[in-house]
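*Asks:* Listed below are the residues making up each chain.
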Amino acid sequence: MKMPMFRKVAVRAAMTGGVVALCAAPATAYASTLNGTATITDPALNPLSSGGSGTSFSVALPAQAACTGDTASDGYHVFSYLVPQGTSPTTISFNTGFPSTGYGFFSSIGTYYGSANTASTTGQIIGIPDFEWGPAIHGDGLTSALLYNGGTSGVWEAGIACANSSGVVTDYWNTEITFTSSNTDPDGFVWADVPGLPTDTPEVATTVVLPLVGVGILGSGLWFSRRRSTRKAALAVKTSGP
Amino acid sequence: MKPRTNHRKIRLLMVLAVASALGGGTSLVVATGAAQADPPSTTGLVAVGADVTQDLFDAYTGASPPPGLSGNTQATTFYTPLHSSDATDDFTIQSFDASPFGGTTTAPGCITTKTGGPSFDRPNSTTNGIAALYDETVGTAWVNPTPSQSCTGTAVSVTGQIDFARAARGVKTTGTTLTFIPYARDALGILRYDHGDGVIDSLTSAQLTTLYTSTNGKLTVGADTVYACLTISGSTPRSNLESALGITDAQASAAATAAGCNNITQNSGNAFYSGLPSAVTSVNTNDAVIPISSGSWESQANLVAVDRSATARTNGVDLAAITDGSTPLGQPYTGTAPNEVPNTTYYSDTAFGYNLFTVVPSNKISGFTQNLALESLFVGSGSALCSSTAQTTAHTFGFDSLTVAEGTCGSTSATGNG
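Note that the protein sequences, when read in sequence, are chains X and L.
Just so you know, we're using the numbering used here here: the first sequence kicks off at 1 and counts up by one.
Just so you know, we're using the numbering used here here: the second sequence kicks off at 1 and counts up by one.
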């Protein structure tokens with residue numbers, strides 16, 4: 001049966017429009033970054049792979065890392081988190097200004113880092129301060145919780161997250177930190193970190209996914225269209241025979 | 001052989017596909033954007049709330065009246081800023097007034113308290129300051145409950161934008177979300193205007209109760225008729241008057257409305273004087289009264305606070321002497337401007353005296369979410385606000401230190417949700 005020309009045009013227009021829409025979507029909103037990489041650094045922003053309870057450190061994110069929305073107009077905020085290995089940061093709620101589970105990064109006086117404002121308009125994450133594990137862990141008696149493997153070690157997902165005005169995580173950048181008990185450290189533990197993602201979860205941003213999905217749809221459409229043309233030609237040869 | 005038109009269509013679609021892919025790449029660049037040179041957030045802990053203590057907290061931020069106010073002719077006095085301990089990195093405070101300079105609490109406008117933060121309704125009273133802090137703590141968007149006093153017209157998330165509230169009253173709504181920490185003592189003053197005839201220089205609590213529960217908002221005292229005036233809803237002079245007299249807001253509001261003198265900007269002698277009903281200003285035997293913070297009145301008379309009462313004072317407005325039941329309290333202050341000081345007898349009265357508080361989220365003074373700088377500032381008798389330096393400053397602004405009977409400076413035993 002022959003497909004009317006206007007219908008073919010409509011199908012292709014819809015297909016092309018869908019692709020364009022998929023690709024254009026991130027340009028009109030902020031990109032959501034899930035499973036970005038956070039890197040522990042020293043205060044001068046040089047990568048730092050390990051330290052003790054009193055080691056001052058900061059966290060570096062990829063250049064121009066930004067939340068899906070900004071604070072001033074969209075109600076997004078920046079938080080830190082620290083949850084046991086394997087816990088997805090997207091399961092944390094920040095509705096009360098603090099993580100619903102686990103802990104976070106702490107200042108040298110033991111203050112949790114969170115509810116921080118983004119840059120206006122761009123949603124860029126700005127002004128990440130220096131942190132230190134010892135004061136909060138020691139002051140709040142969290143050492144045994146930190147070293148959850150029989151008091152000898154504990155592996156944690158740590159990082160920076162953005163949450164919308166409902167406290168739902170929309171973006172995060174992760175690093176894995178292993179805390180190990182130590183007889184020489186004043187607070188009884190040391191730490192080592194591996195920048196990056198929770199195990200088995202690739203880093204993918206929607207700005208990459210959506211164009212690829214669009215190209216995939218387009219390719220399928222082209223394949224389908226060419227297959228239909230080939231069949232029609234074969235049918236025409238068959239029916240016009242002697 | 002394939003039709004030539006098919007090749008053309010395929011080429012066209014391929015171009016579209018490439019363009020779309022490039023579009024996606026472009027969106028990646030646009031989404032992440034160029035670096036923006038916004039400064040990091042300021043580190044001062046942000047206060048909102050009571051107008052009663054807004055001038056005192058201006059002093060605690062370092063200067064009162066704040067320098068640089070357009071149109072201000074008063075000299076600025078500088079103070080050592082209130083700050084947390086060295087061990088907690090010497091955090092200071094940033095205090096946002098309830099009544100903006102040159103403005104009113106009935107049209108308070110908006111504030112932005114931290115870099116990159118939203119613009120939201122300026123909390124224009126103790127009650128609204130506490131409400132905004134509560135919303136910040138539980139993650140609810142905040143808007144002034146009186147639509148005419150809102151500049152946003154819609155609720156705005158204030159997460160991370162407010163650290164504590166100034167309060168000139170204690171807990172009204174039970175709960176545990178907020179902790180009310182006492183630090184000083186104020187008193188309910190009754191500001192009176194009587195054309196200088198002295199008829200209402202002294203009033204009793206019984207007379208005030210009769211006045212503010214009357215249906216016409218008027219009371220005969222000697223040969224004069226006294227009109228009942230009230231400050232805005234939610235303001236502490238209003239709620240403290242009602243507490244002292246044991247009457248409801250509905251009763252007091254009905255009386256003031258009947259007298260044509262309701263919802264006056266609080267703690268402003270000038271607003272009271274300029275808002276007097278014409279029946280009062282035009283007839284010498286008609287007088288009026290309004291509740292006010294004694295400390296705020298004294299600090300204005302002493303010119304250490306922004307003076308919002310100079311015109312009123314010039315025209316004979318002053319605080320009445322009060323007899324509570326059968327106990328004469330005298331005027332709330334002794335001495336003369338600019339050296340007025342609290343009358344301790346008056347301030348220690350259980351009905352007319354009341355404690356001042358800083359209100360903090362309970363989860364910020366305990367557990368891993370605690371903020372040690374906030375605790376250093378306000379929690380415990382050794383806190384910065386309970387120090388002799390801070391208490392001396394409070395005294396300068398017309399507030400007394402707490403006695404044992406009145407409360408313990410820095411105590412965290414009182415919690416509530418509003």
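Hints are computed from structural coordinates only; laboratory data are not their basis.
Here the structure is a predicted model, which means the values were calculated and not measured.
Any given hint might turn out to be false.
Cβ-to-Cβ under 7 Å is the rule here; a few derived chain L residues that face chain X [what the hints assert, rightly or not]:
hint : residue
1    : 159
2    : 172
3    : 246
4    : 248
5    : 260
6    : 371
The C-beta atom is built at its ideal place from N, Cα and C for all residues, glycine as well.
*Asks:* Does each hint hold? Answer for all of them.
*Replies:* Results of checking the hints against the structure:
1. About 5 Å separates the beta-carbon of residue 159(L) from the nearest beta-carbon of chain X, less than 7 Å, and the hint is met.
2. A distance limit of 7 Å between C-beta atoms decides the matter here; for residue 172(L) the minimum to chain X is near 22 Å, and the interface restraint is violated.
3. For residue 246(L), the suggested interface contact is broken, since its CB lies about 37 Å from the closest CB of chain X, more than 7 Å.
4. Hint on residue 248(L) is violated. Least Cβ distance to chain X is approximately 34 Å, over the 7 Å limit.
5. Contact between residue 260(L) and chain X, as hinted, is not supported at the beta carbon level, the nearest pair being about 42 Å apart and thus beyond 7 Å.
6. For residue 371(L), the shortest C-beta to C-beta distance to chain X is roughly 5 Å, which falls under 7 Å, so the interface hint holds.
In the structure shown, a violation is registered for the earlier hints numbered 2, 3, 4 and 5, in ascending order.
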